[in-house]
Amino acid sequence: MDIKVDESTCTGCSLCKNVCMYDAIEIINGKAVIDDNCVFCGACIDACKFNSIEITGLPDKHLDFSNYNGVMVFLETLDGAVLDVGYELATEGRKLASSLGVPLSGVLIGNKVKDNFLQAFEYGLDKIYCIDNPVFSNQLDDIYAKVLVQIIDKYKPEIFLAGATSFGRSLVPKVAAIIKTGLTADCTALAIDEEKKILLQTRPTFGGNVLATIVTKDARPQMATVRPHVMEKKKTAIAESEDQSAKIEFIDIDQSKFKTKYKLISTEKEAGENINITDYDVIVSGGRGIGGSDSFALLKELADLLGGVVGASRAAVDSNWISYPHQVGQTGKTVNPRVYIACGISGAIQHLAGMQTSDLVIAINKDPEAPIFKIANYGIVGDLFEVVPKLIRKIKMGRGLI
Amino acid sequence: MVDIKIIVCIKQVPGTTEIKINPETNTLVREGIETVINPFDTYAIEEGVRLKEKLAPLLSQTGEEIETIALTMGPPQSGEMLKEAIALGIDKAVLLSDRAFAGADTWATALTLAEAIKKFDDWKLIILGKQTLDGDTGQVGPELAQKLNIPFIGYASSILDINKNRMTIKRLMEDRYETFEIRLPAAISVGKDINIPRVPSLRGKLKAKNEAIPVWDKNYLNLDQSQIGLEGSYTQVIKISMPEHHYEVKMLEGSPDHQVDELYGKLKELNIV
Numbered sequence: 001m002d003i004k005v006d007e008s009t010c011t012g013c014s015l016c017k018n019v020c021m022y023d024a025i026e027i028i029n030g031k032a033v034i035d036d037n038c039v040f041c042g043a044c045i046d047a048c049k050f051n052s053i054e055i056t057g058l059p060d061k062h063l064d065f066s067n068y069n070g071v072m073v074f075l076e077t078l079d080g081a082v083l084d085v086g087y088e089l090a091t092e093g094r095k096l097a098s099s100l101g102v103p104l105s106g107v108l109i110g111n112k113v114k115d116n117f118l119q120a121f122e123y124g125l126d127k128i129y130c131i132d133n134p135v136f137s138n139q140l141d142d143i144y145a146k147v148l149v150q151i152i153d154k155y156k157p158e159i160f161l162a163g164a165t166s167f168g169r170s171l172v173p174k175v176a177a178i179i180k181t182g183l184t185a186d187c188t189a190l191a192i193d194e195e196k197k198i199l200l201q202t203r204p205t206f207g208g209n210v211l212a213t214i215v216t217k218d219a220r221p222q223m224a225t226v227r228p229h230v231m232e233k234k235k236t237a238i239a240e241s242e243d244q245s246a247k248i249e250f251i252d253i254d255q256s257k258f259k260t261k262y263k264l265i266s267t268e269k270e271a272g273e274n275i276n277i278t279d280y281d282v283i284v285s286g287g288r289g290i291g292g293s294d295s296f297a298l299l300k301e302l303a304d305l306l307g308g309v310v311g312a313s314r315a316a317v318d319s320n321w322i323s324y325p326h327q328v329g330q331t332g333k334t335v336n337p338r339v340y341i342a343c344g345i346s347g348a349i350q351h352l353a354g355m356q357t358s359d360l361v362i363a364i365n366k367d368p369e370a371p372i373f374k375i376a377n378y379g380i381v382g383d384l385f386e387v388v389p390k391l392i393r394k395i396k397m398g399r400g401l402i
Numbered sequence: 403m404v405d406i407k408i409i410v411c412i413k414q415v416p417g418t419t420e421i422k423i424n425p426e427t428n429t430l431v432r433e434g435i436e437t438v439i440n441p442f443d444t445y446a447i448e449e450g451v452r453l454k455e456k457l458a459p460l461l462s463q464t465g466e467e468i469e470t471i472a473l474t475m476g477p478p479q480s481g482e483m484l485k486e487a488i489a490l491g492i493d494k495a496v497l498l499s500d501r502a503f504a505g506a507d508t509w510a511t512a513l514t515l516a517e518a519i520k521k522f523d524d525w526k527l528i529i530l531g532k533q534t535l536d537g538d539t540g541q542v543g544p545e546l547a548q549k550l551n552i553p554f555i556g557y558a559s560s561i562l563d564i565n566k567n568r569m570t571i572k573r574l575m576e577d578r579y580e581t582f583e584i585r586l587p588a589a590i591s592v593g594k595d596i597n598i599p600r601v602p603s604l605r606g607k608l609k610a611k612n613e614a615i616p617v618w619d620k621n622y623l624n625l626d627q628s629q630i631g632l633e634g635s636y637t638q639v640i641k642i643s644m645p646e647h648h649y650e651v652k653m654l655e656g657s658p659d660h661q662v663d664e665l666y667g668k669l670k671e672l673n674i675v
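Chains R and V are the protein sequences, given in the same order.
My numbering numbers the first residue of the first sequence as 1 and each following residue consecutively.
My numbering numbers the first residue of the second sequence as 403 and each following residue consecutively.
The hints are simulated quantities; they were obtained by calculation from the structure and are not laboratory data.
The structure presented is a predicted model; accordingly, all values stated were derived computationally and were not measured.
Ideal placement from N, C-alpha and C gives every residue a C-beta, glycine not left out.
Careful, some of the hints might be misleading.
[Claimed, not checked] Some chain R residues well away from chain V (every beta-carbon gap over 10 Å; in silico):
| hint | residue |
| --- | --- |
| 1 | Asn69 |
| 2 | Gly70 |
| 3 | Glu194 |
[What the hints assert, rightly or not] Chain V regions said to be covered by chain R (calculated; three or more residues, Cβ under 8 Å):
| hint | region |
| --- | --- |
| 4 | 404-414 |
| 5 | 482-496 |
| 6 | 549-558 |
| 7 | 619-627 |
| 8 | 633-642 |
| 9 | 650-657 |
My request is simple: use the sequences and hints to build the entire structure.
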C-alpha cells in the first residue's frame, strides 16, 4: 500500500501541498513529493486537478454481505423516555431504507420504556425490537453493548445508526469493536451511493473546517453515530387500520447474564441550571466582555424569555464565571441551535468551531473588528449592558409582562 | 520493580491557532502549520502525573512503585511531543511509528495501541483525552478498552478516590454527572474540567532533553500489514471537502434603541419572540 504521485502529469502546482493538514507534501524539482507524515486522508487526491495522486496496493476484498438487510436505529432512552435524536434517526433512516428498498427497524432499550412505542412508530419505523427490563435503568456501557451486539448479530442490519450523545459516543465504539466493523463518529449527513448501495457518511473534522465523506467497505453493519439536532424529525402518515402492536417485538433477556462492571453510586444534576445546552433552540452566550459571573444573570434572563439556555466562551469558563458544561467551542461543546446570541464574545477560531453551524447568529460586541461579526447574521456594535437590558424590556413589553 | 503503571495515550495534531477567515471568500483558511499535543491530551498527561504524585507516597509504605508512561502512534517527529510529556512529569515514553501504521482509522489505531499496551505488565489505568482536535471522534478510547476487555469511563470530570484495585470516578453526561466505582484496570477519557495542566519544570525539560524515546514498529508488535494502517481500517475516507460558509452579515446601525428595535423586529419575523 502506498500513495503515489504520477510525475508525468504532476505540474507542481502546489494545490495538494496547500490542502495537506499534515505538512506531508513538498514540491521538489517541480513535482509533488509525499513524505512519511502522510496519513492517507485523501485531501490531496481530491484537490489535484490532474488526477496525479493515487493510493495504490489496497486489496479489494469483494466480500458477500447479502445476508445483511435493513436499516436499524438505536432509540436511546433516558429516564424512560426516548430522546429526540432517536426520532431524528428514524426520520433519516426512513429515507435511507426507502432508497435501498429495505425495512427500517428501531431498538428500544431501557426500563419502563415500552409505552414509547406508539409514538416511535409515527416516525416511519417498520419494526421495533424492545427490551424493557430494570437492568437497563441506567446508561451502562457494558450491558447495553452486550445486548446491542446480540440484536445486531441476530437481525443483521446492513446499516446501524445511533445518536452521537455522550452515551452513544461511548457505547457504540464498544459495540463496533466487538462486532469488528467500521464506525463513523458524529455524522452530519448521510446518503446512499446509488450504484454501490453503500452508506456515505459525512462528518466535520478539524473543528468543522473540513468535511470528510467516509465509507465502510469490507464489514457490516455500516455503523455511524449522528450528531443530535442536525437531522430533521418528521412524522409520517400511518394508515389508521394498521395495528401498531403487531410491529413490536418484545425480547426477553436472562437478567443474570447482564451483570455490569460499572457500579453507579450517584447521579447529580446541577440545581437550577440547565447544562445540556446542546438540547436548546436558543443559546445566549457570554464571553470575556461579560466581565464577571454576576452578569450571567442578565444573559439567563434573556435566555429564559426565549426558552433558551446560557452558553459561554472559553475565556468566561477559564475565569470561573460559569461552569464548564456551558462552554461552547473546540474544547467545549459543539452546538447548532436555531439562534445563537453571542454577547461580549470576540469570536476566536476555537469558539467559532463550536457554533458556526447555528441557523442564526446574533453578535453584540463593543469592538467593531471582532471576528464574530464576520460570521454573524446580525451584528450590533455596542455595549451589551445597554443592549441586552433594552432587548429584555422590549420582549417583556411585547408580551404584556410590563 | 514497578508495581503500577499508568499509561497516557496522546496524539500530535495540527494546531489551529493560525486558521483565519479569508475576507474575499469568507471561508476559513489555514496559514502555516504547527503541531501541538492534542489539547485534551494535556489534561490526560496532567491527570497521570497527579495520580502518581498522590499514590507514590502511599505505595512506598509497602515498598511498591508507580510509573507513568506516555504512548503515541504517529510519524517519527511525534517523538518530540513525547519529550514534552516527559518535561511535564511523565516518567517514560514510547513511540509507535511505522510507515505501515499510516492511514489508520479508530479501529486500527485502537488495535495498534492495544498490542503496545499488552507489552507492559501491571498497567492499571489508561488515560486518554476525550477526543482529538483533528479526527474529533472520541472513539479510540472505548474501542481500545474493548480490545483490552476492561471498563471504560468517558468524559471523566474528576477522580474522587483511587487505590491500586479500584477507583471512584465522576463522568459528565449531557445534563448530569454520574459517579461510578469501577475495578482496575480500566481506561478513562478526560475533558478540560478535570484539572489545570502545569507548565513544564526546568528539571523536566532537562530530563526530556536527555531521554531516548524507544520506537516500536509493526514487527516489534507482531502485527500484520492487513491489521493496521489504511489496510487494517474498516472505514475509508473517500472525499474531503471544505464546507462553504456563506455569511451574509447585516450590521444593525443607529442608536442602541434603534438597534434593539431592529433586532426585535427580526426576532419577531422569525417567530423567536
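Hint check results:
In this structure Asn69/R is separated from chain V by more than 10 Å, as the shortest Cβ-Cβ distance comes to about 19 Å. The Cβ of Gly70/R sits about 20 Å from the closest Cβ of chain V, beyond the 10 Å cut-off, so the non-interface label holds. Distance check on Glu194/R: its Cβ is at least 15 Å (rounded) from any Cβ of chain V, clearing the 10 Å threshold; non-interface status holds. Evaluation of the coverage hint for the region 404-414 of chain V: breached, as 0 residues show C-beta separations to chain R shorter than 8 Å, against a requirement of three.
Figure legend: the region 482-496 of chain V, annotated as covered by chain R; annotation inconsistent (0 residues with Cβ-Cβ distances under 8 Å, at least 3 required). Counting residues of the region 549-558 of chain V whose beta-carbon sits less than 8 Å from any beta-carbon of chain R gives 6, enough to reach three: the coverage restraint holds. For the region 619-627 of chain V, the proposed coverage by chain R is not satisfied: 1 residues have a C-beta within less than 8 Å of a C-beta in that chain, short of the threshold of three. Using a Cβ-Cβ cut-off of 8 Å, 9 residues of the region 633-642 of chain V lie near chain R, which meets the minimum of three, so the contact claim holds.
Check result for the region 650-657 of chain V against chain R: holds, 5 residues qualifying (beta carbon to beta carbon below 8 Å, three or more required).
In this structure, the hints that do not hold are numbers 4, 5, 7, in rising order.
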